[in-house]
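Visitor: Could you build the full structure based on these sequences and the hints that come with them?
Number of protein chains: 2
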Amino acid sequence: MTGAARAGTASATGTGWPDPDLRQWYEQRREASTSTVTQVPLDALRDWRTDPVTGDLGHRSGQFFTVTGLDVRGDGGPVPGWQQPIISQPEIGLLGLLVRRRAGLECLVQAKMEPGNVNGVQISPTVQATRSNYTRIHGGAGTPYMEHFVRPARGSVVADVLQSEQGSWFLGKRNRNMVVEAAGPVPAQENFRWITLRDLQLLMGLDNVVNMDTRTVLACLAAALPPPTRTTGDAFAGLVARGFSPTAGAVERDVDVLSWLTALRSHRPLDVRRIGLSTVSGWHRDRYAIDHDGGRHFGIIGVEVRTTVREVPGWRQPLLRPRGRGIVAFLARPIGGVLHVLARAAVQPGLRDAPEIGPTVQCRPENYAHLPMSRRPPFLDAVLSAPRERIRYDCVLSEEGGRFHHAENRYMVVEADERVPVRPSEEFRWVTPRQLATLLAHSHYVNVEGRSLLAALYSLAGSCP
Amino acid sequence: MTGAARAGTASATGTGWPDPDLRQWYEQRREASTSTVTQVPLDALRDWRTDPVTGDLGHRSGQFFTVTGLDVRGDGGPVPGWQQPIISQPEIGLLGLLVRRRAGLECLVQAKMEPGNVNGVQISPTVQATRSNYTRIHGGAGTPYMEHFVRPARGSVVADVLQSEQGSWFLGKRNRNMVVEAAGPVPAQENFRWITLRDLQLLMGLDNVVNMDTRTVLACLAAALPPPTRTTGDAFAGLVARGFSPTAGAVERDVDVLSWLTALRSHRPLDVRRIGLSTVSGWHRDRYAIDHDGGRHFGIIGVEVRTTVREVPGWRQPLLRPRGRGIVAFLARPIGGVLHVLARAAVQPGLRDAPEIGPTVQCRPENYAHLPMSRRPPFLDAVLSAPRERIRYDCVLSEEGGRFHHAENRYMVVEADERVPVRPSEEFRWVTPRQLATLLAHSHYVNVEGRSLLAALYSLAGSCP
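Just so you know, the sequences run in chain order A and B. For reference, each letter of the first sequence is one residue, going 1 to 465 in our numbering. For reference, each letter of the second sequence is one residue, going 1 to 465 in our numbering.
Hints are computed from structural coordinates only; laboratory data are not their basis. All figures in this text were calculated on a predicted structure; none of them were measured in a lab.
Facing chain B, a subset of chain A residues (Cβ under 7 Å, in silico):
(1) 157
(2) 160
(3) 255
Each pair of labels, with its calculated beta carbon distance range:
(4) 370/B with 282/A: 50 to 60 Å
(5) 103/A with 100/B: 51 to 61 Å
(6) 142/A with 74/B: 24 to 34 Å
Note that the Cβ used here is the ideal one computed from N, Cα and C, for glycine as well.
Guide: Rendered as structure tokens:
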């Protein structure tokens with residue numbers, strides 16, 4: 001099962017394309033996108049320079065992002081500390097989804113090319129723009145539909161919240177996740193299309209079609225929607241629907257979930273300091289990449305992008321290229337007739353307020369290949385060895401293609417067996433999807449991988465509003 | 001009206017001591033506290049040292065706190081930028097209130113001496129401890145009642161949330177605000193006393209009796225309590241009670257309040273960098289203090305403390321000494337029969353996630369004496385010139401006496417007249433007390449001055465659970 005072979009095709013548990021027209025539109029957009037992405041030496045990134053003092057790699061304008069270094073010290077945990085490169089992007093970008101009410105809710109999506117995507121084009125929200133983008137620092141055209149988000153009509157905001165992004169790769173980055181209901185008719189421009197929320201959710205069953213930005217916005221939308229009420233005949237779908245119901249009983253009171261995080265945050269699990277990229281130990285830079293000495297984790301590469309479908313015809317930029325494919329999984333099971341997922345406190349150095357709530361398993365197994373079994377992440381083997389009938393969701397999804405090169409994770413929802421205890425350890429809590437969705441009205445509660453899984457879970461519940 | 005003359009006496013709008021026994025206990029505790037606080041030269045602070053490179057003033061153990069410098073740049077606002085000293089205290093302390101249910105809710109409070117208090121002893125929560133305190137870095141005795149908060153019994157946590165503190169004086173500081181219901185009988189040790197929540201709220205009507213730590217915990221408790229239902233005959237009390245009701249209609253939808261903050265945060269109103277204390281421009285250090293060149297804002301002084309009532313008999317430490325007394329006020333008025341307060345987006349450089357929601361007015365008027373009228377804070381004069389019958393709350397309350405020397409603010413709730421518009425500007429929103437209380441289940445929404453006012457407002461609602 002390789003990324004290339006599965007890209008754009010229905011996954012084992014997916015339902016295929018919900019609508020032939022939609023598939024045709026998407027394939028046409030991919031064909032119209034004649035883009036090439038070529039690796040180039042780091043010193044050949046025209047508008048980027050390596051700071052002679054720190055070694056940091058930044059844009060000459062001071063905008064966009066900077067690759068810098070991080071010194072991380074643990075607080076008595078199994079890993080004593082480490083250093084790593086990390087992307088610093090203090091600007092807050094906008095991930096905006098325009099919706100309208102027809103028979104059901106409809107979303108204005110975009111077929112967007114990003115240089116790091118394995119398959120070029122994926123489905124993105126209406127607006128996906130860094131502040132540099134929409135203030136036109138790169139000299140490109142204006143961002144379509146931005147006006148709906150900059151000055152939304154009174155009463156039209158459905159969700160609007162700052163959320164963190166990959167805490168292992170970004171230093172304190174967050175984006176504004178915003179859903180706005182269109183005030184009047186809004187025609188779809190080229191590359192854009194109105195699709196039903198249900199179709200968008202069904203596309204979550206395909207590999208590498210719905211991009212990360214869409215998934216996080218969908219997760220933030222879930223709390224604002226009524227819970228799915230009608231379900232397919234599938235018993236698991238009914239369990240999921242009840243898991244999103246505000247009246248369903250949770251095994252942990254809401255205040256106890258908050259108290260769990262507060263206690264962990266009070267102990268300051270990681271002490272994080274920014275350092276110069278050239279001083280990061282355990283990593284080396286050659287002509288084409290900055291890589292981990294052990295060949296693990298990720299590297300920083302440079303690429304040249306030529307395209308016909310973006311605001312500017314071509315550019316060069318660094319990308320973060322992860323090693324291997326990650327596993328991101330929720331163990332799930334009914335407790336008292338209500339679906340719960342096993343949340344793990346995600347301690348990642350780039351999170352502004354660690355830990356956030358993350359998936360049960362979130363790792364790149366290759367990074368653990370050199371370690372003894374006792375150091376493998378909890379529940380990784382339970383997920384990987386689960387029998388097929390317990391795997392309820394299994395898709396390969398990409399992380400942000402504007403910063404990451406071919407960053408794929410295998411996202412899974414796996415039904416746990418009853419041997420998993422109600423409180424495996426202080427790191428874990430069983431929570432309902434509804435509890436997670438409700439927290440997504442606020443910042444820094446559920447990490448981006450957890451949000452992707454929550455959007456995937458919602459899509460399993462059958463018909464929804 | 002000076003602080004000394006009013007300290008510990010009923011304010012103009014206060015109701016006096018609710019219970020003679022309580023007053024007698026408090027006065028006895030004050031008398032038993034034979035403490036002296038003497039200013040000493042900064043270089044005579046034994047366990048503190050000035051870093052030869054940065055000029056920062058820190059404890060030799062590396063614990064407690066450090067006085068450092070801050071470089072602040074605005075984003076096109078009226079103030080272009082400034083530098084200032086600031087207290088860095090990355091450790092998260094605990095403010096813990098133990099409660100129990102009798103006829104009504106009762107709270108275990110402490111009569112606690114802090115060196116910066118104008119009147120020595122004030123009412124504090126059950127536990128008020130920095131991490132250095134309760135891990136016994138200073139070699140003192142253990143912190144009483146800590147066990148109730150470190151390992152609370154299942155189902156006993158009422159509130160547990162990290163909240164920011166003074167964003168002009170602290171760099172990113174936050175404390176854990178925690179309310180726990182006692183699982184069994186808990187006797188009050190010396191200096192401690194069980195009092196009813198209602199009595200504690202009535203003490204909010206006295207000057208300098210209920211300390212800041214108690215007030216912020218009370219505010220976080222408000223959301224967990226049912227709204228006050230029985231009221232006194234006072235019509236304003238009825239309005240306040242309705243303002244705390246979850247069913248009362250608010251002029252702004254909850255999502256619009258969140259969206260307001262999200263939009264302001266996305267624009268990154270302040271760019272803040274830590275710098276060495278010795279490089280801070282506009283300030284100077286002499287033998288006894290670090291002061292603003294214009295004599296405004298605040299200074300850093302050193303004190304020697306001798307006392308019989310703390311874990312150690314004496315110590316020396318720096319304190320931040322503000323200039324003049326501040327004004328902290330909510331304008332309030334009914335909209336649609338429900339009390340609303342006029343919230344201002346508080347942009348303070350030390351907040352981890354600025355802006356938070358703050359009072360309508362929060363300033364030290366003396367800092368504006370040298371500026372033209374047009375630069376005076378909005379609504380300051382409306383508050384100061386309000387006719388007596390519109391002043392619904394008016395008490396002098398102290399900020400944290402463990403870090404601040406005689407830091408008093410005049411806290412006020414003033415009924416606005418109808419000329420104040422429904423949306424005065426992007427900085428302001430009318431919100432219900434209930435909306436603020438609900439947000440206090442989460443971090444970084446309402447600043448510490450706003451929380452004090454919210455606790456004061458709740459106390460005006462008459463009887464409560």
